[in-house]
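Asks: Just so you know, we're using the numbering used here here: the sequence shown kicks off at 2 and counts up by one.
Hints may contain errors.
[Unchecked claim] Once the Cα atoms are required to be at most 27 Å apart in a straight line, the calculated DSSO-like pairs of lysine-lysine come out as:
(1) Lys38 with Lys358
(2) Lys221 with Lys187
(3) Lys38 with Lys5
(4) Lys38 with Lys106
(5) Lys273 with Lys353
(6) Lys57 with Lys40
(7) Lys211 with Lys156
(8) Lys290 with Lys405
(9) Lys405 with Lys57
(10) Lys422 with Lys407
(11) Lys392 with Lys422
(12) Lys57 with Lys292
(13) Lys292 with Lys281
(14) Lys57 with Lys361
No lab work stands behind these hints: they were computed from the structure.
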Amino acid sequence: MDKKVAFYTLGCKLNFSETSTIARNFSSEGFERVDFKDKADIYVINTCSVTENADKRFKSIVKQAQKVNPEAFVAAVGCYAQLKPQELADVDGVDLVLGATEKFKITDYLNDLSKNDMGEVYSCEIEEADFYVGSYSIGDRTRAFLKVQDGCDYKCTYCTIPLARGISRSDTLENVLENARAISAKNIKEIVLTGVNIGDYGKGEFGNKKHEHTFYELVKALDKVEGIERLRISSIEPNLLKNETIEFVSQSDAFVPHFHIPLQSGNNEILKLMRRRYMKELYVDRVSKIKEVMPHACIGVDVIVGFPGETDELFLETYNFLNELDISYLHVFTYSERDNTVAASLEGVVPKNIRAKRSKMLRGLSVKKRRSFYESQLESSRTVLFESENKEGYIHGFTENYVKVKAPWNPELVNTLQAVKLTEIDDDGLVRFNFQEEYAV
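Please take these sequences and the hints and turn them into a complete structure.
Replies: Have a look at this one:
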């Protein structure tokens with residue numbers, strides 16, 4: 002009788018791609034993968050350390066698994082498992098905690114699957130996380146997340162990722178291209194490039210400083226892979242997004258006009274306290290360059306509110322900066338103190354109720370920005386990739402420049418690309434359209 006394994010992923014696209022790789026390891030050992038809601042012999046939870054809530058959610062996910070099968074073996078892997086292994090091991094019901102280097106060898110740690118009295122921890126010193134494991138996720142979407150890079154050499158004062166994932170290191174170009182071809186062979190229409198700091202792509206798989214290839218060379222090579230209709234760059238640092246890459250994307254058939262660029266603050270003093278590697282003027286320059294060569298490009302922005310030292314005046318400077326910038330949406334993060342970070346000991350702590358208020362203001366601005374971007378795209382002709390889920394009688398999809406559209410559910414449209422004309426914004430903020438021609442399935 003095959004043993005059953007179920008997975009739960011918290012956090013970023015990178016975690017999703019790594020969960021898929023770990024799941025494939027289980028399959029090759031003869032395990033059957035089931036849904037997390039179903040009864041399994043092993044539950045693997047891939048953790049995240051970026052927000053406070055990730056910690057709280059972990060406990061409730063463990064409870065969820067125990068409710069379905071109190072005898073099941075529960076393993077925690079990923080970033081939080083690397084940073085706070087003992088804390089996770091102490092959660093009732095957790096049997097195994099694996100850190101950054103061990104998570105890809107999880108099947109080696111499963112001896113008899115009997116419940117442990119105490120959670121066992123195998124977590125390396127993060128200095129040992131200096132090798133690269135390539136991964137990509139498929140199977141649950143019309144797009145795949147392809148990991149090209151891991152770790153980070155930046156020392157942003159609020160961030161635990163270098164502690165959780167180690168130094169910056171990259172996959173070889175040959176391996177990335179091989180994974181891209183494997184994804185393409187599965188009739189997946191879109192690949193999203195992912196990593197911790199993908200613009201730093203090229204440092205060797207052991208983190209050696211010499212760049213074998215640059216991010217620009219990676220983009221050019223992927224553009225030539227047969228059969229991939231769309232390539233999307235996920236988050237990329239403004240100082241690493243070079244003009245040559247922007248210009249190449251503007252001419253490419255496969256790379257789509259959508260960029261997600263972390264800003265974190267619209268005030269230079271705060272950027273210095275955060276130890277970001279640019280000033281806000283450079284950010285303006287990146288946005289202007291993108292809009293100059295791709296006026297219809299979608300630009301998403303990460304921003305942190307409530308960082309120590311952020312006074313009302315400085316917050317308003319960020320708000321006004323973003324309000325005037327030609328961007329399309331925001332991802333707003335409320336600053337939360339993390340152990341072992343410089344920012345946790347800075348003065349000028351912002352009270353939590355003020356952090357929440359600022360977060361709400363920026364989320365409101367994001368709604369306005371997205372609406373205004375969608376309005377600017379009405380009457381334009383675009384291509385939509387349709388997703389596979391039936392959401393209350395509707396099918397959703399995204400244009401190349403990340404406008405979210407909806408239409409009455411039609412299974413024939415799933416995972417197809419269709420030429421459309423965007424016509425109006427619906428009450429829920431999504432966009433309606435007309436097919437340009439009799440749709441081709």
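Asks: Hint by hint, note whether the structure agrees.
Replies: Comparing the hints with the structure gives:
1. Lys38 with Lys358: violated, 36 Å
2. Lys221 with Lys187: holds, 22 Å
3. Lys38 with Lys5: Within the cut-off at roughly 12 Å; holds.
4. Lys38 with Lys106: Answer holds: Lys38 to Lys106 is near 24 Å, not above 27 Å.
5. Lys273 with Lys353: Holds, at about 22 Å.
6. Lys57 with Lys40: Given pair Lys57, Lys40 holds - Cα atoms ~23 Å apart, limit 27 Å.
7. Lys211 with Lys156: holds, 19 Å
8. Lys290 with Lys405: holds, 24 Å
9. Lys405 with Lys57: Measuring from Cα to Cα gives roughly 31 Å; hence the hint is violated.
10. Lys422 with Lys407: Holds, because 12 Å separates the two Cα atoms, which is no more than 27 Å.
11. Lys392 with Lys422: Measuring from Cα to Cα gives roughly 22 Å; hence the hint holds.
12. Lys57 with Lys292: With Cα atoms ~40 Å apart, Lys57 and Lys292 exceed 27 Å; violated.
13. Lys292 with Lys281: holds, 17 Å
14. Lys57 with Lys361: Holds, because 22 Å separates the two Cα atoms, which is no more than 27 Å.
Checked against the numbered hints above, the structure violates hints 1, 9, 12; every other hint is satisfied.
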